[in-house]
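Asks: In case you want the letters, here they are:
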Amino acid sequence: MSKLYTGAEIVFKCMEDQKVEFIFGYPGGAVLPIYDELKNHESIKHILARHEQGAGHAAEGYARSCGKAGVVLVTSGPGATNVVTALTDAYMDSIPLVCISGQVPTHLIGTDAFQECDTTGITRPCTKHNWLVKDVKDLAKTIHKAFEVATTGRPGPVLVDIPKDIQFQKTKYTNKKKKKELNGKTNNRFSQKDIEKLVEMMGKAKQPIFYTGGGVINSGPKASQQLRELVSISGFPITSTLQGLGSFPGDDNQFLGMLGMHGTYEANNAMHDCDLMINIGARFDDRITGKIDEFSPKSKKVHIDIDPSSINKNVKVDLPIVGDVSDVISSLIKTIKKNKPNFLKSNNENTSKWWEQIAKWRSVNSLNFINSDKTIKPQYAIQRLYELTKNKDTFITTEVGQHQMWAAQHYKFNKPNRWMTSGGLGTMGYGLPAAVGVQIAHPDKLVVDIAGEASVLMTMQEMSTAVQYNLPIKIFILNNEYMGMVRQWQELLHEKNYSESYTAALPDFVKLAEAYGCVGIRAKTPDELDQKIQEMINVKKPVIFDCLVDKEENCFPMIPSGKPHNQMLLGPNDQKENRITGKGKTLV
Amino acid sequence: MAKSKSAYSDPGKKGKLDTHIIVVWVDNEAGVLARVVGLFSGRGYNIESLAVAEVDLKKGISRITIVTTGTPQVIEQIKLQLGKLVPVHKVADFMRGDKKIIFKEMALLKIVADASKRNRAIKICKKFNPVVLDKTQKSVVLQITALRREIDTMMGDLKKFGLVSVSRTGAVAMTRGSEIFK
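Respectively, the protein sequence lines represent chains P and W.
Counted the way numbering that gives the first Met the number 0 counts, the first sequence spans residues 0 to 587.
Counted the way numbering that gives the first Met the number 0 counts, the second sequence spans residues 0 to 181.
Keep in mind that the hints were calculated from the coordinates and are not lab data.
C-beta atoms are modelled at their ideal positions from N, C-alpha and C, and glycine is treated no differently.
A couple of the hints might just be wrong.
Label-pair distances were calculated between CB atoms; the ranges are [said to hold, decoys possible]: (1) W:Y7 to P:Y497: 57 to 63 Å; (2) P:K315 to W:G59: 36 to 42 Å; (3) P:N338 to W:V54: 30 to 36 Å; (4) W:P10 to P:E494: 23 to 29 Å; (5) W:A52 to P:E494: 41 to 47 Å; (6) W:K125 to P:K192: 40 to 46 Å; (7) P:D16 to W:G59: 47 to 53 Å; (8) W:V165 to P:K192: 39 to 45 Å.
Here are the computed lysine-lysine pairs in the BS3-like style, where the Cα-Cα straight-line distance is at most 30 Å [claimed, not checked]: (9) P:K176 to W:K57; (10) P:K171 to P:K2; (11) P:K315 to W:K13; (12) W:K4 to P:K196; (13) W:K58 to P:K299; (14) W:K58 to P:K312; (15) P:K290 to W:K57; (16) P:K176 to W:K83; (17) W:K58 to P:K140.
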């Protein structure tokens with residue numbers, strides 16, 4: 000007879016078979032049997048967060064930076080409800096997470112027992128799928144399936160809810176079965192005909208653009224390599240969404256910068272005026288399209304996406320190609336090389352006028368700002384951070400707000416998986432715990448959370464996690480004492496009624512750092528900035544860097560609400576020249 | 000029009016709404032109906048009626064029939080979003096007017112009235128295969144099968160003949176001829 004294992008043992012056996020190295024979690028009554036079993040499994044290290052949301056974001060940071068599923072372990076009731084924000088965040092940004100939650104014993108389910116909540120009910124809309132395991136015999140099968148669902152197709156979070164009595168019960172263990180198709184949910188549904196049609200369209204285009212997103216990153220590092228080859232053999236310009244940054248080198252001449260609400264002038268105008276738009280792994284998000292009726296009116300649109308429900312959801316497209324980005328691009332490159340030996344040359348002739356137009360838009364220099372020698376401008380701080388860290392393989396996480404957009408605009412990424420930011424859900428408090436997860440996955444790399452002082456206070460407790468595991472994360476706070484993006488919208492849209500967007504009683508971040516047992520550094524003037532950043536990089540401990548920046552700087556360029564891509568608001572330099580008067584401002 | 004202060008776009012033009020019947024084959028497991036219905040409510044789709052029961056006891060497959068309204072784009076999204084749910088095996092979709100498909104709803108009607116009114120009530124229902132399921136001195140319970148609007152009409156017509164209670168199902172659908180749903 001084969002050996003019998005408890006439910007708790009089976010949880011770990013599954014994770015060993017799934018090659019899990021780290022679990023991010025927080026113990027509690029309903030998961031104690033699993034925590035009790037932890038000591039018997041040396042290959043799996045548990046990272047104790049200070050709040051379940053922190054554990055969830057840390058697992059997201061881990062998953063994004065290394066491409067494997069992040070594993071979260073939480074208790075029932077409040078443990079499960081606290082992780083909901085992280086699950087929703089992962090769902091919106093397509094990050095593979097496997098969350099295991101404890102539940103009250105099966106005979107108490109439905110009785111309002113202590114720390115009971117309807118976990119599968121609460122998490123149903125924010126996971127790809129979830130399971131309540133009511134029979135220990137189903138446990139191994141369920142956990143293996145959970146990993147499969149989380150990591151295949153369009154990745155996302157899943158949750159397995161395990162009642163405490165199931166964790167104690169014993170049964171045989173069955174390893175994962177060979178891959179079976181999930182109810183026919185295959186990834187690639189495109190044909191060679193689609194690819195040939197696309198090559199045909201590319202050959203005819205006079206004003207083409209690649210619009211790439213997080214799908215390229217999710218498809219794996221190979222997809223980014225292939226994208227570079229595709230862009231180079233086509234000679235087309237390329238722009239990227241917030242989530243796609245890093246899949247194409249940010250300093251390459253064919254790269255127009257990020258597009259969307261705070262994207263560059265050249266990227267948004269090119270999107271508006273193009274005649275062929277090739278969307279690779281992006282989803283026509285409302286922050287990207289602006290006014291949908293006037294979105295890129297003249298173009299033929301091609302949409303490459305692994306998720307069939309992304310096609311025609313927001314924008315009607317002319318050629319949908321459902322498939323894994325890497326597989327699609329590799330067929331595309333093969334077909335181009337076979338059918339069109341002179342592709343680049345003829346494209347260069349076709350698109351030369353287009354590139355001239357792009358050069359004109361570029362010359363507007365839309366990311367420009369008026370620098371100061373007295374106060375640190377936030378954009379300047381990020382530029383300096385970039386210059387001083389670009390020669391290292393640096394990983395950047397962010398919180399949400401102005402600092403996030405400035406980071407996206409001014410920090411140039413060259414490799415995928417180096418940029419972790421909460422895009423879809425826009426979760427303030429994401430960056431610090433995400434940095435913890437990134438540093439766990441890459442212990443010897445430089446990990447910087449570009450933060451705002453308001454966001455970072457939402458999950459500040461995770462500094463304690465960083466100290467416990469000697470994770471030398473750098474929290475680079477652009478401190479303007481305001482919820483900057485809220486203040487910016489109030490200035491532009493609500494007649495400068497700064498309702499509740501000023502934080503009057505901020506902590507002393509240097510002392511706070513010291514209280515946590517890490518290092519606090521403060522920079523007040525542009526003169527001392529470089530030296531202080533260097534000091535931050537050199538310290539081998541976690542650092543909170545309090546960078547005091549201009550309190551009223553706004554993030555430009557900006558597409559005002561309800562406007563198409565070609566009606567952008569530019570920064571103060573341009574406003575002086577073009578005199579955008581009171582009337583123009585109400586457009587925002 | 001007042002200037003928008005929102006950073007979200009204004010709603011675009013509303014397209015024409017069609018009524019569709021969506022048929023979904025799912026694993027009959029705990030919570031599967033909540034997943035399907037939650038997808039509709041979460042994404043703001045309509046449900047006009049819903050019928051669900053297990054149809055393959057061996058494989059544990061349930062068949063869910065949903066009547067919904069939406070623009071062609073929304074109907075397409077409904078199908079694709081349903082297709083993504085893990086327990087969903089296949090999804091079929093038909094326009095309400097589709098001649099190749101039979102749609103039926105069932106209703107139980109309780110009539111409390113004297114004999115002559117009761118008989119006239121049964122007579123009016125004749126087109127809709129009335130079956131008398133229960134009979135007393137004062138009352139009768141009728142079963143009819145018909146389309147949604149026909150049952151709506153019957154409910155109005157039968158009021159004066161002593162209709163006191165109605166219980167009705169959602170629509171179920173089946174293809175005509177030898178073909179089956181793919």
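Asks: Tell me the hint numbers this structure goes against, listed in increasing order.
Replies: Checked against the structure, the hints that fail are numbers 1, 3, 5, 6, 7, 8, 12, 13, 14 and 15, while the rest are satisfied.
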